[in-house]
Amino acid sequence: MKKRLILVLAVLMGFVSLGGTTVTAQAAGRRVLIVYDALNPTANGQKKLAGLQQVLTSVGVTTQTEKLSDYYAGQLTTKKYAGVVTLVNWPQGDLRNAAFTRDRQTFTGKKLHVGQDLSAAEARGLHATRRNVYHQQLILSADKQSQLLPFSEDITLLKPARRAQNFGTLRPQNQGIGRYPYGTVVGQAGYLPYFEPSGFSQVLAAQTIAQLFGRQRQSPPLLTITGVTPYSDLTRLTKLAAKLNAAGIPFAVSTTSVADNTSLAAFSRFAKALRMVENDQGIIFLQAPVVGAADRQSGALLEQTMVEELNQLGQRQVMPVGISAPVYWNQDKIFRKYGLARSSNVLLLPNPTTTVFAQQDNLGGAYTQTWMGLSLNSLLTVKNGQQVAVDRLRFPVPTALTVPFPTSEKQLTATLKQVTQLGVTWYQPQDALKAKITSASATFGYRQGTYYLNGSPVTVGTEATGIPKYHFAQKRHVALDRYFKVQGNILFVFFTVTTVVLVIFLFLGRRIYRQMFRRK
Amino acid sequence: MTVDGIKVKWLNFWRWCARHCSPALLATVLAAIIAGYLLFVPPFHGLADNGDFYRAQFVNGLYRLKGYSMLDYVTPKLGIMQYYNDTTAAVFSSQPLFVKMAVLLNKLFYSKTVFDLRFMGLIYYLPYLGSMYLLTTAMTAPYRKLRSYVIALLIVFVFADSSFTLYFNSFFAEPGMLILMLYAFSALMLVARRPDWHPRLLTVVYFVSIMLLIANKQQNAPLALSYTVTSIGLFFIFKKRAQWLWIVGGIVGILTTGVLTYTLITKQFNDINQYQAFTHGVLLHTDDPSKKIAKRGVDEQYALMRNQDYYPKSFAAINPSDRSVKKGLNDKTSFGWIVMYYAHHYPQFHTLLDVAAGDMMITQVKAVGDYQKASGKPAGAQVTYFTGFSSVAGAFFPQKFSFDILLTLALLIVFLVGAYNDLVHRRVVNVVRFFLVAGLLTVFIFVPIISIIGDGDADLAKHLFMVPVSLDLILITFVADLLNHRLWHSDGNIEEDNQ
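Chains A and B, in that order, are what the protein sequence lines are.
Numbering-wise (the numbering used here), the first sequence opens with residue 1 and increments by one.
Numbering-wise (the numbering used here), the second sequence opens with residue 1001 and increments by one.
It cannot be assumed that every hint is accurate.
Stated by the list, open to error - Here are the computed distance ranges between Cβ atoms for each label pair:
no.	chain 1	residue 1	chain 2	residue 2	range
1	A	Leu-502	B	Leu-1153	25 to 35 angstroms
2	B	Leu-1201	A	Thr-353	48 to 58 angstroms
3	B	Ser-1324	A	Ala-246	19 to 29 angstroms
4	A	Val-503	B	Ser-1324	34 to 44 angstroms
5	B	Thr-1384	A	Asn-489	25 to 35 angstroms
6	A	Arg-447	B	Ser-1324	32 to 42 angstroms
7	A	Phe-492	B	Pro-1378	37 to 47 angstroms
8	A	Phe-492	B	Val-1114	35 to 45 angstroms
9	B	Ser-1324	A	Thr-413	16 to 26 angstroms
What the hints assert, rightly or not - Using 30 angstroms as the maximum straight-line C-alpha spacing, the simulated DSSO-like pairs for lysine-lysine come out as follows:
no.	chain 1	residue 1	chain 2	residue 2
10	A	Lys-410	A	Lys-272
11	B	Lys-1326	A	Lys-410
12	A	Lys-239	B	Lys-1107
Hints were generated in silico from the structure; no laboratory data involved.
Each residue gets a CB set at the ideal place from its N, CA and C atoms; glycine is no exception.
If we strip away everything but chain A, and leave its shape as in the complex, we get (with noise of 0.2 angstroms):
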């Protein structure tokens, strides 16, 4: 019985693993190419570059990231890419590599140019011709929904052309110059004049690239809640929490945890809010921590602190559903293989200012399900003539709609206020969504509604059940420590001894002295 049992499991552990190889193998062998010319902070370079890996992840394509003066001929030829992707941040650099114009241009694979300066071979190849418009504001729509984009500079359109898709029109606010096609795909091309890592903007872009890359997976986008950490006010998270349930919303919550410290009372507390968050209709990401300082050791120590928090969470019923992260962590060697690919879903979020990298190799991986994480307030100036009209999107990728956690009792009212008055359609997660995270020997997860540990349910009650009695009197063993402390002890019984017998002798003594000299 036994032995059958070891045999079923076997087979199903190699099922699993088959499955995985696959998955990888498929992956790391057709990546799409990124191609910057320069980072150009000033421009908000970098920001634009982790917009566009976000959403090629979120896509479901592997990447890999290539500054223009680092590729090499023959990089693009070797048929390792599935397509090829031209950033252009500085288009006043003119910078270029002859080898990889000429690659581009015999490269068989999907390409898209974005940014300014697209040369005629490219805008052939798209079967349009170009126009360049120079200092406009341009409004960005589709459908009717508009959204004003801040000033350009200069821009390079494209008069439309006959059998392209296209996605969303550009129009200047000088009336005179007419409309011109937002995204562009033709055929195996495809072309975004302009991109910007938030609002209408990225929705189109990711619309376009979905089309490109032939991965359209519409669904509605999920609320979640960023910058949660077990130092929030708790009280204010689950009183939001309540407030969004009662409102018929179903949400996530995106929070880091602690790995330490948590036998601590206020550990227990914050899982229970967590809890109660989970109770409202409350999904959770748990968010990839803060990184202090990192190198390629780092592994070891980042897989004990994830596996750490999650069995922390999930001993008191707090089940994570994914992991969120920065974009950066993709572009990681070491954050992507112990913090991010364990998970099934990963939802990636803008990168905070400061980037720490442990093992940076700006290979992008791919993961079952990616979300995108894209902040609700740049949506907000979408309008559909005076009304805010993010319930008339239309989400090409697995979006997350993100909130701040509210800092203070008027922000939360304002946030909620908000949120029910957008009238979105939203992701019901405890209809569609399936997630596993695995966390050394546990695995957590997550189809229609309920949470499983190791493969059984798991009930979710506002009190914690089978967590372990913890004894705080925790006492560190040092070799040698008890000697030191009798040592001490016996020191300071000496010393004080020594004291009293001191001062009596001289007492004594002075008496013995002056009796010398007196007359008898």
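With the hints as your guide, set chain B onto chain A.
Same frame as chain A, now just chain B:
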């Protein structure tokens, strides 16, 4: 040759030696050899970067070359900036004086582009030898007896310990503190013991050393009070009113330096210290602190920050410099808050003081390596060469703060008796010595308390640096004066004694 013949020859030899080599010279030469080998003979040793070196490097126009090692290994070479350096000092300190001199020497004698760490060592090494000479003179003069040489050897054993001299080849501020303290101590003792030997110059040396010492590091600011106590003795040496004015001027100078050093601590430093005083102090050595801090008005969730550093060494749930932490934690846990917290939780404070008492004699910085990478030693390896004193003192000094208090009382009584006897006989030496020792004992007692309240147990061993230095000086004074029969009366004479 008869036994008497050997005896006479030996005596003659001994007299010849004593005539040509004073105890002070012996101590200096020995220290020069012992420390020189450690610091300058390749592959030379030092202390690796603990993460704070950038403050001393960038401000002084140095930058890190490729392969710079943190924590594990000493990096022997740095680059010298060839362009305009726009970094401004993060902290007010007298340390850049030393580093700038080292860079200057390096430029003159070695290279204009590459900095050899040994020049840093050299800048400390030379004045250090001078201080050893002065200290031994102060402890042994005017004798050249066998016991004088024993005292000299003891001074070498204590102050040439590698745990002290390793600091020279590093960008820590501690070596400056050690040397300045040795100068100040010896100068004051010499003024008292040999009033005919450059008293004014030595007084100036004393005051300047103390002021530079206080300005060397922000944590030294409170020491201004201790050194005010040590300076009181000068009033007994100089009797004229006009001279008193100068001494008062010096003391005011010390206090001003202390206040300046304190007020010029930057906001960022305050935040760091305040944060770590909470996470590495208030939250430690207690059972669950959640409710305790909640009772005193801080969100109990911050208990989860126990043992966290302001700059996380790896991963953290939140960045401690985040605005929400500042609002929820730093703005609430001021110095006063922490004092009040400990007042309400005294047993916890006592445990923390015992931790400090256990750490104070461990002078070797165990957190960073002492070797260069090329030496082939494992990362973070520690030098054991000539660390006899520090390892014995570190292992056997009792780990009880109550013991420290008792020891302080005992020492105070002993030195007070000496001072009383001198006062009765209208002599000044032991009175000066009493105030000097009393001042150093306040360092011994109050620095641990201030460190715990100010920064918890974070970097404790380094914050306590002045404690072992002070205690070692008292110890040497005690032994030397006992041997020279000067402990109870300053006119003790050993000339009549047999050797």
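Evaluated hints:
1. A:Leu-502 - B:Leu-1153: 25 to 35 angstroms: holds, 30 angstroms
2. B:Leu-1201 - A:Thr-353: 48 to 58 angstroms: holds, 55 angstroms
3. B:Ser-1324 - A:Ala-246: 19 to 29 angstroms: Cβ of B:Ser-1324 to Cβ of A:Ala-246: about 27 angstroms, so the range 19 to 29 angstroms holds.
4. A:Val-503 - B:Ser-1324: 34 to 44 angstroms: violated, 58 angstroms
5. B:Thr-1384 - A:Asn-489: 25 to 35 angstroms: holds, 30 angstroms
6. A:Arg-447 - B:Ser-1324: 32 to 42 angstroms: holds, 35 angstroms
7. A:Phe-492 - B:Pro-1378: 37 to 47 angstroms: holds, 39 angstroms
8. A:Phe-492 - B:Val-1114: 35 to 45 angstroms: Check failed, 54 angstroms falls outside 35 to 45 angstroms.
9. B:Ser-1324 - A:Thr-413: 16 to 26 angstroms: holds, 19 angstroms
10. A:Lys-410 - A:Lys-272: The hint holds at about 24 angstroms.
11. B:Lys-1326 - A:Lys-410: Holds - the C-alpha atoms of A:Lys-410 and B:Lys-1326 are around 20 angstroms apart, at most 30 angstroms.
12. A:Lys-239 - B:Lys-1107: violated, 65 angstroms
The structure is inconsistent with the numbered hints 4, 8, 12, although it conforms to all the rest.
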